[in-house]
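Peer 1: Okay, here's what each chain looks like letter by letter:
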Amino acid sequence: AQKVTQAQTEISVVEKEDVTLDCVYETRDTTYYLFWYKQPPSGELVFLIRRNSFDEQNEISGRYSWNFQKSTSSFNFTITASQVVDSAVYFCALSELYNTDKLIFGTGTRLQVFP
Amino acid sequence: DAGVIQSPRHEVTEMGQEVTLRCKPISGHDYLFWYRQTMMRGLELLIYFNNNVPIDDSGMPEDRFSAKMPNASFSTLKIQPSEPRDSAVYFCASSLRGQGWDEQFFGPGTRLTVL
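Just so you know, the protein sequences line up as chains S and H, in that order.
Residue 112 in our numbering is what sits at position 111 of the first sequence, and the numbering runs on without skipping anything.
Residue 60 in our numbering is what sits at position 64 of the second sequence, and the numbering runs on without skipping anything.
Each hint can be trusted.
SDA-like cross-link-like pairs, simulated, lysine to any residue; straight-line CA separation at most 20 Å: (1) S:Lys39 - S:Ala82; (2) S:Lys103 - H:Pro50; (3) H:Lys20 - S:Val47; (4) S:Lys39 - H:Met35.
Interface residues of chain H toward chain S, partial, derived using beta-carbon atoms under 10 Å: (5) Gln33; (6) Leu39; (7) Leu41; (8) Glu99; (9) Gln100; (10) Pro104.
Please keep in mind that the hints were generated in silico from the structure rather than gathered at the bench.
Glycine included, C-beta positions come from ideal geometry on N, C-alpha and C.
Based on the provided sequences and hints, a complete structural model is requested.
Peer 2: Structure follows, in structure tokens:
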């Protein structure tokens, strides 16, 4: 069965620190997709990135980077030089190509960045 | 594009009343999803539609919940009668094709409080 685990419920850092949010997933499919969404205090969910199971290349976008490792079933998210505006709840999610169109979310990690 | 539009943004009602939540997906998107977010259960998929047809409603908690999509630009989620445990944030999301690859675009959510 599909499952996404975000073991870190809450993380607090001081501005300019680097922080890594962990995501571990379970799936029986060989073709699947992984996502990260951000939910700022305003409440809406904002798409950050998606990755397919055949592309293990890490990705960097500004201060954000993602490390996808199939060997450990992990898709971790790192924010470099964190800023107060990064404070939000971050969700990792999984979908499988041949198992309907459902997006399975983890429980989220609340990140608080203090000035 | 205006993005996914939800109304109302906030709803406060008394137990036993009927509640109707509304959603307008992004134009051209074939899939529409209804989610519920609570502290206890996180983000749960309630039901989703493909081309206005309900595909999977296994997440709908009880018969008190019903959802319709009369046309491609409008969907409703109805709770009748409402109960305090229905208090949550309800999100509507849409995606272009709904396949595992497609990102879902979320609306701002409706915060429902049932007294």
